Amino acid sequence: MDKFIHFKIKRQDKPDTSPRWEEFKIPYKPNMNVVSSLMEIRKNPVNTKGEKSNPVVWECNCLEEVCGACTMRINGVPRQACSALIDKIYEKTGFGTPIVLEPLTKFPVVRDLMVDRTIMFENLKKVKAWVPVDGSWAIDRGPRFTDREHRWAYQISRCMTCGCCMEACPNVNSKSGFIGPSAISQVRLFNVHPIGSMHKEMRLDALMEKGGLQECGNSQNCKEFCPKEIPLTVNIAAMNKETIKYAIKKWLNK
Amino acid sequence: MSQPKIIVVGGGLAGLMATMKIAEKGIKVDLISLVPVKRSHSVCAQGGVNAALDTKGEGDSTWEHFDDTIYGGDFLANQTPVKNMCESAPGLIYTMDRMGVMFSRTPEGLMDLRRFGGTKNRRTAFSGATTGQQLLYACDEQVRKHEAAGMVTKYENFEFLSAVIDDQGTCRGCIAQDLNTMEIHKFVGDAVILATGGGGMIFGKSTNSVICTANAASAVYQQGVYMSNMEFIQIHPTAMLGDDKTRLMSESARGDGGRVWTYKDGKPWYFLEDWYPAYGNLVPRDIAARAIYKVCIEMGLGVDGKNQVYLDLSHLPSEFLNRRLGGIIEIYEKFHGDDPRKVPMKIFPGVHYFMGGMHTDWNHMTAIPGLFASGECDYMYHGANRLGANSLLSALYSGTVSGPAAAKYVTGLKKLSSEVGSKPFDQEYKRQVEWDEKVKKMHGKENPFQLHEEMGKAMLKNVAIVRYNKNLKENDNILQEMMERWKNINVVDNNAYGNQTVMYTKQLWNMMEMARVITLGALNRNESRGSHYKPEFPDRNDPDFLKTTKAKWTPKGPKFEWEEVDISWIKPRKRVYNVDKEVSKKNG
Ligand SMILES: Cc1cc2nc3c(=O)[nH]c(=O)nc-3n(C[C@H](O)[C@H](O)[C@H](O)COP(=O)(O)OP(=O)(O)OC[C@H]3O[C@@H](n4cnc5c(N)ncnc54)[C@H](O)[C@@H]3O)c2cc1C
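Protein chains in written order, with the numbering used here: chain A, 3 to 256; chain B, 8 to 595.
Don't take each hint at face value.
Unchecked claim - Capping the alpha-carbon separation at 20 Å, the derived lysine to aspartate or glutamate pairs in EDC-like fashion look like this:
(1) B:K63 - B:E31
(2) B:K32 - A:D89
(3) A:K230 - B:E326
(4) B:K301 - B:D281
(5) A:K230 - B:D345
(6) A:K45 - B:E453
(7) A:K90 - B:D250
(8) B:K452 - A:E226
(9) A:K127 - B:E163
(10) B:K448 - B:E190
(11) B:K341 - A:D89
(12) B:K127 - B:D61
(13) A:K128 - A:E244
(14) A:K90 - B:E340
(15) A:K127 - A:E217
(16) A:K27 - B:D250
(17) A:K16 - B:D281
(18) B:K557 - B:E534
(19) A:K45 - B:D250
(20) B:K341 - A:E231
(21) B:K63 - A:E42
(22) A:K230 - B:D346
(23) B:K452 - A:E53
(24) B:K464 - A:E42
(25) B:K63 - A:D142
(26) B:K152 - A:D207
If you're looking for bench data, these hints aren't it; they were derived computationally from the structure. In this text the structure is predicted, and so the values were computed from the model without any measurement.
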């Protein structure tokens, strides 16, 4: 008998319509992943009821888990669809069980599995996540940087702004306005860079504003779901310490 | 008085660098991109970026970098712009370092360097095995700073459809489509820089991101821009074949000690080291790709009888591998399952990079005044074969040329685009709306995704590593048939919002136009040079073909002409890698 991969997909036509579920089955091949499966579906978009449907809309781009585009909820877990291998999923859930695909819930849905993560880029603006160089012209060799610091800073610099940590964090919601773990973690990166650190106060100030560090409820979910295994909770703790020191200093100098 | 404004299309390294340069000059930028710029394809680059920093006591120099690049490109690149690029490289990479790129370090705290293909010196700065990501993020951050200051306005999730050209033939802005609402918009700008990347998707599967369709280049090609050297497609020797894409295993794996082998007579055979003792595993990509092709297809010696050979890291210490190559090891482990620290990886060549692109002058302006091209979408710096780690450099460097050149161009304009009236905008807008309407109503029999897959297969079969004139001719016929079949597409998505199928169908037409340029360019060039290899014409033929190919769009297909190559610095010499490179002779 032919083997099939079964999907249950939450679909939504546009931002202001209500969602619905639709199921698809495609022939099984070894080594497939969720993106390659969605690509198969669009070549012949017919659902399990035999009805013609529209191809599923989702974001994807590099298919190597470095661009962060294809993040969605797969069987309830926020992760990149490209690296979600069907064989691995079925090892856990059993062959042929429906794989549930849903859009991330912390961001507005655009269509189907595609969401609008603009807020994450806005948060990077809020915390001034850049090195304020005088300009992009050549001056001279950059500052020296120890190999030891490079090793942990490099880990933070691999954040793809994918949204897994935002999705996993119970404190990220429209009421709290919490900027989330990734933006906080980025502050630590820029505050260790020799030039970036010259302006660390402006970033610490940003972390002390509404929606900043104080909104973190220390649930520790974020680090479980970071695909790049960035030690988000360690970074948040480090920034907590920094801002406390900074606040005391500010208060003493008043 | 109104102020000039520049439109940059594309937020990879080239587009972001150009944007930065323009904003620094006090000119506002509209930045249009298919995806949030931080997710641009540049993010994929792994191994590193070249600059002759000479911090390893090897006596490296910008001249040696220049000579390696020209030699590696089989003398097809115009030499003066390449020389300028190599001379600017150290300053540029130090600037990126100041901007916070997390380059890997030496014990002394300097940027570390690794060796790449086609060179004898360590010249490649890197951030583990995610260099493109780190460079892109630093540029993204700098542009965000300008955005926060009001100098840059981003239009992400927008697709460039065409240039707006006035009755004088000058570019005055562009037309772009919102990929969510599907609305088509007019953008007024005094210059437009296309920094839209390569087109790996024309081959169906490649190491490129799925947004790399060369759609924008094809659109302006159909409006009068020349395409140059499109027949030169880099096939990367070491990639993992997959159903959805071909995933790259960076050249840095070999730069850091990786070895390529297969079994012969029951024993490991390191064929690159055997055939090319002077460069070994670090021969340029065209040479390595052809060697693997020969071993698998002509000699039938692929591992397990399949088209694959080993890329072996397992003899290197785990700690070293994690630190230097963690990024690619993760990819191989995640997508393949095996651990490259323990067992050799299985690889085969895959389509990777377009050396050719839009023809421009040395300031990156195309034949249409006011329209510039920069980055992988231009044709300028790599000749017939690109050396590894030179394209992050050329993308960045070209942005430092195109940005200021566009700024200079707009400040010299007699009339700004906001003053030329709405007619050219209305005309081009109407053309694009009509095309969009037409495509939305296509209810034929062909599925666009399937048709694309078929095209990719044909291109891979006929226009990749080894090319025969008979197959190239046949491929062009296939493409023309497919263009007929395209007219019978069924746009399977009926939703008016976020309709990716309509966009894909439009892109597919443009990919087919470009596929013909590649195929016929290859057919015309009866020689072997760099990545372009014809067994019927195995040698380089300078008297007839030391020339830049230029293709012009006509309704009947591309029309070709040739242009002299600038060889004013180094005299062309035979390119071989089994022995050391001869010392370059200066020309003139
Ligand atoms: C897997 C991989 C590894 C690589 N490793 C290296 C390496 O180690 N060293 C090296 O030097 N090079 C490497 N390269 C090559 C290098 O990454 C690219 O050549 C380079 O990043 C291209 O940059 P770019 O700015 O020209 O284009 P891209 O980064 O491709 O950016 C193109 C931009 O244009 C936008 N765009 C495209 N079309 C449109 C449109 N129609 N409308 C609106 N926007 C549009 C996109 O959204 C994107 O923002 C690698 C390439 C790959 C595939």
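Right, here's what the structure says about each hint:
1. The straight-line distance between the Cα atoms of B:K63 and B:E31 is roughly 34 Å, outside the 20 Å bound, and the hint therefore fails.
2. Of the supplied pair hints, the one linking B:K32 and A:D89 is violated, its CA atoms being roughly 53 Å apart against a limit of 20 Å.
3. As the CA atoms of A:K230 and B:E326 are separated by approximately 18 Å, the hinted pair is consistent with the 20 Å bound.
4. For the hint linking B:K301 to B:D281, the alpha-carbon distance of about 14 Å falls within 20 Å, and the restraint holds.
5. As the CA atoms of A:K230 and B:D345 are separated by approximately 19 Å, the hinted pair is consistent with the 20 Å bound.
6. Our distance criterion of 20 Å between C-alpha atoms is met by A:K45 and B:E453, whose separation comes to about 10 Å.
7. Between A:K90 and B:D250 the alpha-carbon distance is near 16 Å, which keeps this suggested pair within the 20 Å criterion.
8. Proximity of B:K452 to A:E226 is assessed by CA-CA distance (about 47 Å); at most 20 Å being required, the pair is judged violated.
9. At roughly 16 Å between alpha-carbon atoms, A:K127 and B:E163 fall within 20 Å of each other, so this suggested pair holds.
10. A hinted pair counts as satisfied when its Cα atoms are at most 20 Å apart, and B:K448 with B:E190 qualifies at roughly 16 Å.
11. For the suggested pair B:K341 and A:D89, the alpha carbons sit about 12 Å apart, so the restraint of at most 20 Å is met.
12. With a CA separation close to 12 Å, the supplied pair B:K127 and B:D61 stays within the 20 Å bound.
13. Annotation: proposed proximity of A:K128 to A:E244 holds, straight-line Cα distance about 18 Å (limit 20 Å).
14. Proximity of A:K90 to B:E340 is assessed by CA-CA distance (about 13 Å); at most 20 Å being required, the pair is judged to hold.
15. About 18 Å separates the Cα atoms of A:K127 and A:E217, which keeps this hinted pair within 20 Å; it holds.
16. Distance check on the hinted pair: A:K27 and B:D250 sit about 18 Å apart at the alpha-carbon level, within 20 Å; holds.
17. Under the criterion of a C-alpha separation no larger than 20 Å, the hint pairing A:K16 with B:D281 is inconsistent with the structure, at around 59 Å.
18. A distance of roughly 17 Å separates the Cα atoms of B:K557 and B:E534; the hinted pair therefore holds under the 20 Å criterion.
19. Simply put, A:K45 and B:D250 have alpha-carbon atoms about 14 Å apart, close enough for the 20 Å limit, and the pair holds.
20. For a cut-off of 20 Å, the pair hint linking B:K341 to A:E231 stands: about 14 Å separates their Cα positions.
21. Taken as a hint, the B:K63 and A:E42 pair is broken in the structure, with Cα atoms around 50 Å apart against an allowance of 20 Å.
22. Under the criterion of a C-alpha separation no larger than 20 Å, the hint pairing A:K230 with B:D346 is consistent with the structure, at around 18 Å.
23. Only pairs whose Cα atoms come within 20 Å are accepted, and B:K452 paired with A:E53 is accepted, the gap being roughly 17 Å.
24. For the hint linking B:K464 to A:E42, the alpha-carbon distance of about 16 Å falls within 20 Å, and the restraint holds.
25. A C-alpha spacing of about 18 Å is found between B:K63 and A:D142, which places the hinted pair at or below 20 Å, so the restraint holds.
26. Between the alpha carbons of B:K152 and A:D207 the distance comes to roughly 17 Å, so the proposed pair stays at or under 20 Å and holds.
Going down the numbered hints, you'll see the structure goes against 1, 2, 8, 17 and 21, while the others check out.
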